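Q: Construct the complete structure from the given sequences, taking the supplied hints into account.
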Amino acid sequence: MQKFTEFADELRFVFVESDRWKWLIEGLGNTLKITAVSLIIGIVIGIVIASIRSSFDKNQETMKKRGGVGYNLLSALNSISKVYLWVIRGTPVVVQLLILYFIILQSVSNGVAVAMVCFGLNSGAYVAEIFRSGIMSVDEGQFEAGRSLGFNYLQTMRHIIIPQAFKTVLPTLCNEFIVLIKETSIAGYVGIMDLTKAGDLIRGRTFKAFLPLIAVALIYLALVTVLTWATGKLERRLRRNER
Amino acid sequence: MSANIIEVQGLKKHYNDGTVKALNGIDCTIRRGEVVVIIGPSGCGKSTFLRSLNLLELPTEGSITFEGQVITNPKTDINRHRQKMGMVFQQFNLFNNLNIIDNITLAPIKLLKMSKEDAEKKAMELLERIGLADKAQVYPQQLSGGQKQRVAIVRALAMEPDVMLFDEPTSALDPEMVGEVLEVMRDLARGGMTMVVVTHEMGFAREVGTRVIFMNEGQICEEGRPDDIFDYPQSDRLKDFLSKII
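Protein chains in written order, with the working numbering: chain A, 1 to 243; chain B, 1 to 246.
These are computed hints drawn from the structure, not numbers from a lab.
What you are looking at is a predicted structure, and each value in this text was computed from that prediction instead of being measured.
Backbone N, C-alpha and C fix where the C-beta goes; we use that ideal spot for every residue, glycine too.
Hints are not guaranteed to be accurate.
Straight-line Cα separation of at most 27 angstroms, DSSO-like style, residue types lysine-lysine; simulated pairs [unchecked claim]:
(1) A:Lys64 / B:Lys75
(2) B:Lys21 / A:Lys64
(3) B:Lys84 / A:Lys65
(4) B:Lys75 / A:Lys65
(5) A:Lys65 / B:Lys21
(6) B:Lys84 / A:Lys58
(7) A:Lys167 / B:Lys116
(8) B:Lys12 / A:Lys65
(9) A:Lys167 / B:Lys135
(10) B:Lys21 / A:Lys58
(11) A:Lys64 / A:Lys82
(12) A:Lys167 / B:Lys110
(13) A:Lys58 / B:Lys239
(14) A:Lys58 / B:Lys75
(15) A:Lys182 / A:Lys33
(16) B:Lys110 / B:Lys84
(17) B:Lys12 / A:Lys64
(18) A:Lys58 / B:Lys12
(19) A:Lys208 / A:Lys22
(20) B:Lys239 / B:Lys21
(21) A:Lys22 / A:Lys33
(22) B:Lys110 / B:Lys122
(23) B:Lys239 / B:Lys12
Below, a sample of chain A positions facing chain B; criterion: calculated Cβ distance under 7 angstroms [said to hold, decoys possible]:
(24) Ser137
(25) Gly141
(26) Leu149
A: Given below as structure tokens:
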């Protein structure tokens with residue numbers, strides 16, 4: 001009984017006193033905002049880059065023959081995409097965040113916005129390769145069948161290839177999102193009050209490490225659990241129409 | 001309407017900077033209503049030739065004219081002409097993400113702007129014809145090879161093509177399923193469809209074909225009426241080929 005009262009007292013001290021639980025809420029809010037926006041940025045970048053890269057691979061023979069601006073443009077975009085992938089995947093995300101915050105986007109005072117851009121740019125590189133691997137995993141015959149009916153390249157991608165590719169990449173994509181949620185925990189490096197930073201602030205203020213840090217860990221765990229459950233459900237629904 | 005539906009002139013297809021010559025100068029004319037059967041040893045370029053006709057393979061040299069349009073001209077909108085050239089593949093290539101009825105109606109709805117009701121009505125008629133109307137709602141994975149190939153033929157027919165190209169349509173099938181697919185093709189030929197068929201089914205070639213083309217090393221080696229080709233082969237290469245397969 002005494003143990004329990006002690007625990008309740010500590011809980012009250014750590015979270016309730018001075019409304020410190022609100023820090024966690026604020027931190028969680030920022031973590032969710034950063035994750036959601038960078039997820040969208042990442043998917044958009046991913047789709048664009050994957051389309052450029054795979055359409056260059058698939059159409060370069062035809063386009064080269066036809067000549068003209070189209071080929072040069074696509075070829076240039078393909079090279080830019082490759083440089084982007086090389087730089088983003090070749091440097092740590094913390095370094096990217098610091099460079100964006102202190103150098104490139106120095107004039108932007110809103111740290112959360114900088115973090116959104118940073119994690120979005122970072123995630124985009126990985127999502128692009130995930131999408132590209134999905135597109136490449138679809139049998140070439142599916143593509144040829146679409147083209148032979150008279151669909152152009154984009155229509156074939158849209159109606160036939162992408163729906164199949166999406167199903168294949170969903171587990172990997174889910175994995176990338178889980179990584180992203182947890183990766184945002186480094187936002188504290190540039191003074192953004194995310195979930196991790198909030199827990200750490202409480203630790204510093206109360207000199208109690210256990211409760212705030214475990215609370216933070218449990219919240220992340222809960223977020224990832226919900227995400228895993230949701231994608232699992234989506235995956236099963238997409239699979240069901242095949243059987 | 002001209003009697004010639006496809007005219008091929010000096011068609012060449014080289015790979016690896018010309019070290020591999022898959023097609024080495026082919027001239028050929030296909031007239032409306034013909035059933036042209038292409039035979040030959042493996043690697044002779046017969047599939048490459050067929051796939052060149054709708055530009056799934058891009059020729060290195062030469063020209064292909066389809067219904068009066070030079071489709072090898074880069075300015076030609078090949079997608080429009082492909083709508084009129086149905087193609088059936090060895091590996092069926094039904095769209096795995098769509099059920100049977102959607103496989104058949106996708107192109108008519110999206111490309112011919114047919115209404116969903118009209119397209120489905122027509123698809124059901126076609127499925128009736130091949131006896132698979134009860135499979136309209138299932139996915140390709142649930143069909144046998146022979147059923148898949150019959151659906152693939154019907155999918156191409158839904159676009160009302162002027163010519164049908166068959167790329168070894170029965171080569172990936174279990175032997176007992178070959179008959180059902182050939183039966184559908186025989187029906188088509190009887191209905192007057194122009195067909196170009198790459199196949200190893202010599203019985204089919206003799207019975208249904210109006211002309212047989214024997215290819216060897218990327219060229220047309222011999223061609224003629226089926227009976228002449230099979231009973232009175234002229235070239236040694238064809239004699240040798242026939243002695244091995246019959």
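Q: What are the numbers of the hints that this structure violates, sorted from low to high?
A: 13, 24
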